[in-house]
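Asker: What follows is each chain in one-letter form.
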Amino acid sequence: MAADTSPKVLFEQVGVFIHSNSGDDCIEQDLLVSGSIRIVDKDGEVHVEYRPLEDSVDPSNMLCAGKDSSSVMEWGQSPEERPHHGLEAQHSYETEWDIVNAVSFKKKTFSNGDGALNHSHERNRWAFTFSISDLRSITVKMDAWSYLFFKLKEASVSLPTLHFHQGGSTEFLDSLRRCALLSESPEDESCLLVSTANKALSQSFENLLEDNNFGLVHKLKKDPYVTTLGGFSKVTNYLFDAFRGTEEQQRRPPEEVADLLGEVIPGLEINQQEEPGFEVIIRIDLGVRPEVQRGEPLFTELWAEHQDTEGRILNVPHLKQVIFKGGLCHMLRKDVWKFLLGYFPWDSTLEERKALQRAKTDEYFRMKLQWKSVSEEQERRNSRLRDNRSLIEKDVNRTDRTNRFYEGIDNPGLVLLHDILMTYCMYDFDLGYVQGMSDLLSPLLYVMENEVDAFWCFVSFMDQMHQNFEEQMQGMKTQLVQLSSLLRLLDLNFWNYLESQDSGFLYFCFRWLLIRFKRELSFQDVLRLWEVMWTGLPCQNLHLLVCCAILDSEKHKIMEENYGFSEILKHVNELSMKLDIEEILRKSEAICLQIKGCKDLPHSVSDILGFNMDEVAAEAPRSEVMEPRKGSPAPSPSLTHREQAFSNGHGHLRESSQNGCKVSFVS
Amino acid sequence: MSAKTSLLKVILLGDGGVGKSSLMNRYVTNKFDTHLFHTIGVEFLNKDLEVDGHMVTLQIWDTAGQERFRSLRTPFYRGSDCCLLTFSVDDSQSFLNMGNWKKEFIYYADVKEPEKFPFVVLGNKVDVTERQVSTEDARQWCQENGNYPYYETSAKDATNVAVAFEEAVRRVLAMEERTDHLIPTDTVNLHRKPRSATSCCS
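Residue numbers (our numbering), protein chains in the order written: chain R, 1 to 667; chain H, 1001 to 1202.
Treat the hints as calculated values from the structure; they're not laboratory data. Wrong hints could be hidden among the right ones.
Which residues of chain H face chain R? A partial, calculated answer using Cβ under 10 Å [as the list claims (entries may be wrong)]:
1. H1035
2. E1043
3. G1065
4. S1071
5. Y1077
6. D1091
7. Y1108
8. Q1140
None of these values were measured; they are calculated from a predicted model. Even for Gly, the Cβ is constructed at its ideal location relative to N, Cα and C.
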């Protein structure tokens, strides 16, 4: 068992002093504590230990930061010195538990113990150890000697500054770099932010191997750090078994939840470990975020002007640009959404669309008849159908019931919602009904006011959203990983904060992503957001930038209030219905432009936003890209029709790209 | 002990539509909204209360009930002090599924001694006239599964809601008191082996 291996010393330096009872630079000789610092690998977990020199330390007296709970012994000597941290009574109790944790941990790792008894408690109390995974940052200062100040993720704990009177601080940091990433803080050059490989990594490794999206796996495979991670989980379990008390649980579950989420959403850890172990993260200069203006909605006159005599839509890129900038006036939604969603081809004539609608109406009612004609007897033997029906009935009664279209008892809107969802089960029986789908359908039905049109628009929308609802929820996982990459690029500091609060998995964005902000915005604002998103402008995956924009507005509050795992979730959930759609869209576009203007953009980010498509298009211009832009306010070079089609990768949009080509030919 | 405020995490589990969110909202805000959305993802609310002289902050977690969301729901089971298994008395299927919910909880919450874990069973929607599950059947299930306390609730008219949550708190506190005797937090006893301490209570 892992506990039997003795700790491996990776680095040791003597002549490291604590100047107690002092500010960092005021020395009082009589309170100088001399000791040694070590970096130790214990069962695959890297710890930093400080021990006063004179004593052969009895480990059971050491103050210990158990990684499992990020619980650390208070350095402060009296309760009064403790920083404010919620309820005082509760706090002192936690401290007791921390001692317990520390002791049990020692029992395990020092099984061959140094055993020596000592009585010098006065000195001994200065000994401390912490896991580097609990370390948030190291501040490096130079005086006549260098001294380091360690800040742990648990903000309430402060450790004494260590003064390297006999040198060795650089070597210490170099050794540490082999086990963790140290990156300069943007605010303070002397501050090195620490990040370590995720604990859940080894567990989710199997999952990762199945996924080709994350090519970094092979790098990690070679990284010895990964192999060391398994050992720690055993320690966690040991402690978990031993001390199942409430006080201890207050701290531990978030980390456990995060670990488990890490298994569910493989890939996030990879993002943080692009160069595992050795490379310092290079901060990318994003430059200034530009000011962006929103425009007026598209009105009927302009829409009418963009149709030829037979009803084909002209200059689609310009129309999309207008819709992206200002959305649609409500009257137009019923028509234009069908094009935006790909139900109607842009270059179809009015006659062709009528024919299409007739055919689609037949197809719809054929499918509707399929479930309508199932007898009670049949349904009794068809659990899939029964379950779908039961869920749909329940959810329809709980979808947008304050909207006039769905309010009250026996509202026809409810019946339509029900019937379309049931028919969709027939259209895609493998998927069936999944909660959240009623949210996506409701605005479509509200706008279309027509069962058949709403159904086919829903089919198109579901083409985009399908992966979110699949058994493995791959769409959700991919989006969370992508969002993590973007957040990290935009604000490493905030991203690190989320990590430190076990919130790096961004579980609090789950509802946002699953149903595209349907529950976060007022009904009318949802209509606006969706039509803007469907234009495919100004880049692909705009909804991820919408997440970034919202979080950008909340991050200061989250960090200032020092929100933890649960509080972040609660705060984000409570943003619902308090968001300003125009502000969010402005910010999202601005972020897009900001990222686009950035020179050394990581490829992963360009891929997410589809910027690489631009390069491909620019290098190999084809006729269909050279669409005339008659007098339109010059859209950015990337906004050609073809690229959007590529970037979305959905059937109906690909179709529209061909249509775009034809339009250019015609006009 | 009585001077402290403990944070207790309870989790509401049960089929979609049995009224988990409504129970939580009724208890915490004393409101009932017939137009409430079905839950997507994970939500929670806090409520401070005093039970038998103990100050408690109850953190009530509410999740989406559909099978599909299991992988993103179950991580949040960790660290729960109590589980409220919920069904609807007008939905026999939701009653039949309780065993599965219990199993899912025990497995994912990593409960070490399932037979000792405090479950409380809620039969919701007693305001509805067409019942599909009788009180006797529900009681019998509770008895056979671990002698769980059973409450027939209505989030709509507030029947038994507060009582049920308070019972959950009592169960947790009772568990803790037992634990307190076993692992004294006094520093003198730190060297005691916790594992053997746990086993000596049985």
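Asker: Decide, hint by hint, whether the structure agrees.
Answerer: Structure-based check of each hint:
| no. | hint | verdict |
| --- | --- | --- |
| 1 | H1035 | holds, 4 Å |
| 2 | E1043 | holds, 6 Å |
| 3 | G1065 | holds, 8 Å |
| 4 | S1071 | holds, 5 Å |
| 5 | Y1077 | holds, 9 Å |
| 6 | D1091 | holds, 9 Å |
| 7 | Y1108 | holds, 8 Å |
| 8 | Q1140 | violated, 25 Å |
Taken one by one, the earlier hints fail for this structure only at number 8.
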